Amino acid sequence: MIFEFLFALPAISIIIGAIYLMLLSHNKNITLNDFNHISLFFLTIALIFEIVILDKNMSGYLFVDIFGHNFKLDAFATIFDLMFTAGAILTLLINSDYFKSRTYFRGEYFALILFSVFGMMMLSHANELVTAFIALEIASLSVYALVGFHKTKTTSSEAMMKYMILGSMTGAFFMLGTALIYGAVGSTSLENIAIYVNSTQVEDMNLLIVGASFLLVTIMFKIGAVPFHSWVVDVYYGAPYPITMFMASTFKIAIFAIALRLYITDFEPINYIWTEMLQTITILTLIGGSFLAISQTKVKRMLAGSSLVHSGYLLIGLSSIGLGSELGAAAIMFYLIAYFLSAAGSFGILSFIGSQSKRDMSYDDFKGFARRRPYMALMMSIFMLSLAGFPSTIGFLGKFYIFTSAIESGQILLAGLGIITAFISVYYYFKLIAMMYFYPDDSKQKKFPIDASTIMIALMAIIVILGGIGTSLISFFPSADTFIESAKLAISSLK
Amino acid sequence: MQNILSTIIFLPLGVAVVLAIFRAPLHILKAGAIFSSLGTLLLVSLLTLSFNPDIGMQFSVTAPWIVNAGITYKVGVDYLSLVLLLLITILMPLLYLYMLKEHRKGYWYNMMLLQTGVTGAVLSLDLVLFYLFWETMLLPIFVMIGKYGSGNKEYNSMKIVLMTILGSMSMLFSILYLGYVYFETTGVWSFALSDLSTLEFNAQTSIWLTAGFLLAFVIKIPLVGFHTWMAPAYGSAPTPAVVIMSAIMAKLGIYGIWRFGYGLFDNTLTYYAPTIIILALLGLIYYAIRAIKEDNLRKMFAYSSGSHLSLIALGLFLTNIYAWGGSLYFIATHALASAGIFMMIGLTYHKFKTLKISELGGIASAAPLFTFFFAFFALSIAGLPGTGGFVGELLIIIGAFKESFIIGIFTALTMLSAMVYIFWMLQRTLFGEPNDGVEYKDLTRKETLMLIPLVILLLVSGIMPSLFMPYLEPQLSIDLSTLLLSIGDIK
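Chains C and W, in that order, give the protein sequences.
For the first sequence, my numbering assigns the number 1 to the initial residue and increments by one for each residue that follows.
For the second sequence, my numbering assigns the number 496 to the initial residue and increments by one for each residue that follows.
Just so you know, these hints were derived from the structure itself, not from any lab.
Treat each hint with caution, since some may be false.
As the list claims (entries may be wrong) - Derived BS3-like pairs: lysine-lysine, alpha-carbon spacing no greater than 30 Å straight-line:
(1) C:LYS56 to C:LYS495
(2) C:LYS367 to W:LYS897
(3) W:LYS848 to W:LYS600
(4) C:LYS358 to W:LYS642
(5) W:LYS654 to C:LYS431
(6) C:LYS151 to C:LYS358
What the hints assert, rightly or not - Computed footprint of chain W on chain C, listed as stretches where at least three residues anywhere in the stretch have a Cβ under 8 Å from a Cβ of chain W:
(7) 381 to 394
(8) 402 to 410
(9) 413 to 422
(10) 484 to 492
Claimed, not checked - If you want the ones that stay clear, here's a sample from chain C, every Cβ over 10 Å from chain W, calculated:
(11) GLY60
(12) MET175
(13) ASN198
(14) THR275
(15) GLY288
On a predicted model such as this, the values are computed, not experimentally measured, just so you know.
Yeah, the Cβ is synthetic: ideal placement off N, Cα and C, and Gly gets one too.
Input sequences plus hints: build the corresponding full structure.
And the structure:
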């Protein structure tokens, strides 16, 4: 019991923090800085405990007496928890200047971030569909509110309404799917579903298959796969920078936690059924995302569009699993880690710049950036190279694994399409590098000071490089192998 | 001696990183860059002295790198890499001498990164490692054209990056496929060239995989049809970048076909040979015509460089000992000559503020030293007897006649057409009426010093090819006979 309590501590710490912050938020005497420190305190506690329990190769359930088999404990969930917490910490640390520069931020902002982290953690542990739905809604509702946080700005409110209405509607699909699966299986527990799937002929499972397809609709919507993508660019653009960073780097990953758990464990015997559907969606997402990203003039919108393309790569991995690839699952996991690092870094830099100026940040605003802030420009270039999959960054190894898994499962053409879109992505990522380095400085902005935000971003950039070329010969640094092994550990704990 | 190759690769990068961390002032930065180039020159000289021409790959080092993916750090050197390695390390100090007055720090950092990139690509024997260096050497070029170039530099740098990456992406696809097939047959992951070359494919797969590699190399050379990046990039790039692009990077395309093309798909390359030979022949003529019509000196020699690289590619695909020997020899001598001529063009702009042939004229009477060097390098590009270029071209032409009379005639025509455009250009720039608007200055002592080593090397290689051939010949003929044997299998 005490031992299990240790495993619950990260989530407990975060929910206590969230409630505490919510209660405090009406107190006018507490400054935003204090709120930031309080939330960072709770998140750091959670992070420490997650690192501690990562080594204890635990598999089992959380408080069986209370929750039954609803919450699963395994390395898979812990690694996801680690990413969520790290994502939230990065969001708060990098943006510690941002909310001071805007008047609309209030204490609830921090409470909502912690609530959504809590929701995501529940989601990664969820071993039951209704629990998963509740967790998903906790995270989503917090994010809806965060997106619309800038109440007086029309694009922000529009983004919130768009996201909330579409999101709630697709949330209903999840509920409907759960109901259909319950109709077929007689239970919503993932284990019972797995037993049912294993013991039933495919021809007799129509109800379950339809139900599971509905679940898939929700998942596709949340990761922004084409044709469920119409919200992505507007919402990412309308939301305040810290929220965009949080959504793109952290929230998107959370969806893959439940998607992988369902797809790899429960529907494993029948997941070939969705392969053609997934392949179609992948092709649409890769092409549509590339078009969206290539046609933008604002960097934030470009990154939003390109995040679709990255969803496309992850979907390649998903359909590879369906075709029997052994690498696929670990490839997705590794790509998630790689994408998390590079996306958090690049959006982090954007919001850091956003905290210093009120510019719209089109490509042109980046002209001469390297002259104003050479180190920041260097780090931005590293993140761009990583997103483009340039070798010597972690993003290259991510693509390396995804494409190898596609080849392994025989999806040669899909791998080819992935390579082509990666080539197109070189254009829009390199365009930003070109803007930063090749043009003279025409603005009269002052230089920024070095602070905690800069150090965090620099740390991320170093990890991105080490994750790409770091060798296991130098044991005390994280290397490419460290990340690959943690990805493999996560996947092996699922089975 | 164990880690000599790794030191040669990473010395410039290491120096650059250390200097960048300590934010070295300009004069220390310059000293560091020159130190790194002289250091590698010294190491490569040591390497050459202990190089044994009778065995193949030597000084090999294998170390685990990304263990989970079977990617190793594997480097080694043989006669082919040694030629390119020598060229790189000889050219770098001369280039630093050329840009001694350069005060923009980024310029120096980029050159050091570039040296590590090209050296690594020449020495790596693991395909992923090769891909890493192959891409890495593009970044400094991208920055140098885009930031320090001239003309429509942003557009042109984007163009060269996109076209080159299109090629390398297709190569990446082939590499991944090869790695996977190796995993499927043996159960372990490996991307080492020596492992992957043992694989057998059916004809259809092999043709596609080869195409992936060839696209990357053919764009880099570039053969005609894949050349649209070339003239704009050469026109916009600053002189040191042009020298590296023409003298080293273009040759790396040939090197790639030689090492990885013939190493992995010797049979399939014969399937592509007619296409490549026709492209090369077309290129010889097309580039020559463009060079004749071109008014911008740098672009003219860009086209001339394309024409001669087509000749080298042609020699490589003719697969007989004359053509191969000629190609290898011409790689080296053309690199030296084009480095020389592009440096001279850089000096031309520096001194006379124009690159247009029509605006120059009458240099000979005002600047005799300049005229000598300019004419010497231009003529050795054209293949003047007595310079190294002549030996290489002659061997390739002999090889071509051995293969077929028609190819031989076409090949010989390039030598003549090169004579035409080079002599016509010389006549219009060096001789004729002096342009009153231009002030003529002769070479300084420093500039002469930096050009003399190239002249000596070109003369020695032209007059005494027997000095170098014993180093190249034994393994070259072994490689060729192995190749002919394995091609003979399917015929």
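Each hint tested on the structure:
At most 30 Å may separate the alpha-carbon atoms for a hinted pair to count; LYS56 of chain C and LYS495 of chain C meet this at roughly 17 Å. Simply put, LYS367 of chain C and LYS897 of chain W have alpha-carbon atoms about 57 Å apart, too far for the 30 Å limit, and the pair is violated. Proposed proximity of LYS848 of chain W and LYS600 of chain W is supported: the alpha carbons are some 24 Å apart, at most 30 Å. Simply put, LYS358 of chain C and LYS642 of chain W have alpha-carbon atoms about 27 Å apart, close enough for the 30 Å limit, and the pair holds.
Proximity of LYS654 of chain W to LYS431 of chain C is assessed by CA-CA distance (about 11 Å); at most 30 Å being required, the pair is judged to hold. The suggested pairing of LYS151 of chain C with LYS358 of chain C holds, with an alpha-carbon distance near 17 Å, which does not exceed 30 Å. Taking a C-beta to C-beta cut-off of 8 Å, the segment 381 to 394 of chain C contributes 3 residues in contact with chain W, enough for the three needed, and the coverage statement holds. Residues of the segment 402 to 410 of chain C with a Cβ under 8 Å from some Cβ of chain W number 4, which satisfies the need for three, so the listed coverage holds.
Note: the segment 413 to 422 of chain C has 5 residues with beta-carbon separation from chain W under 8 Å; the three-residue rule is met and the coverage holds. As drawn, the segment 484 to 492 of chain C meets chain W at 3 residues by the rule of a beta-carbon pair under 8 Å; at three or more, the given contact holds. Against the 10 Å criterion, GLY60 of chain C stays outside the reach of chain W, whose nearest CB is about 28 Å from its own CB. Chain W leaves MET175 of chain C outside its interface by the beta-carbon criterion, the shortest separation being 40 Å against a cut-off of 10 Å.
No Cβ of chain W approaches the Cβ of ASN198 of chain C within 10 Å, the least distance being about 28 Å, so the stated non-interface status holds. No Cβ of chain W approaches the Cβ of THR275 of chain C within 10 Å, the least distance being about 19 Å, so the stated non-interface status holds. Once the 10 Å rule is applied to beta carbons, GLY288 of chain C is consistent with being away from chain W; the minimum gap is 20 Å.
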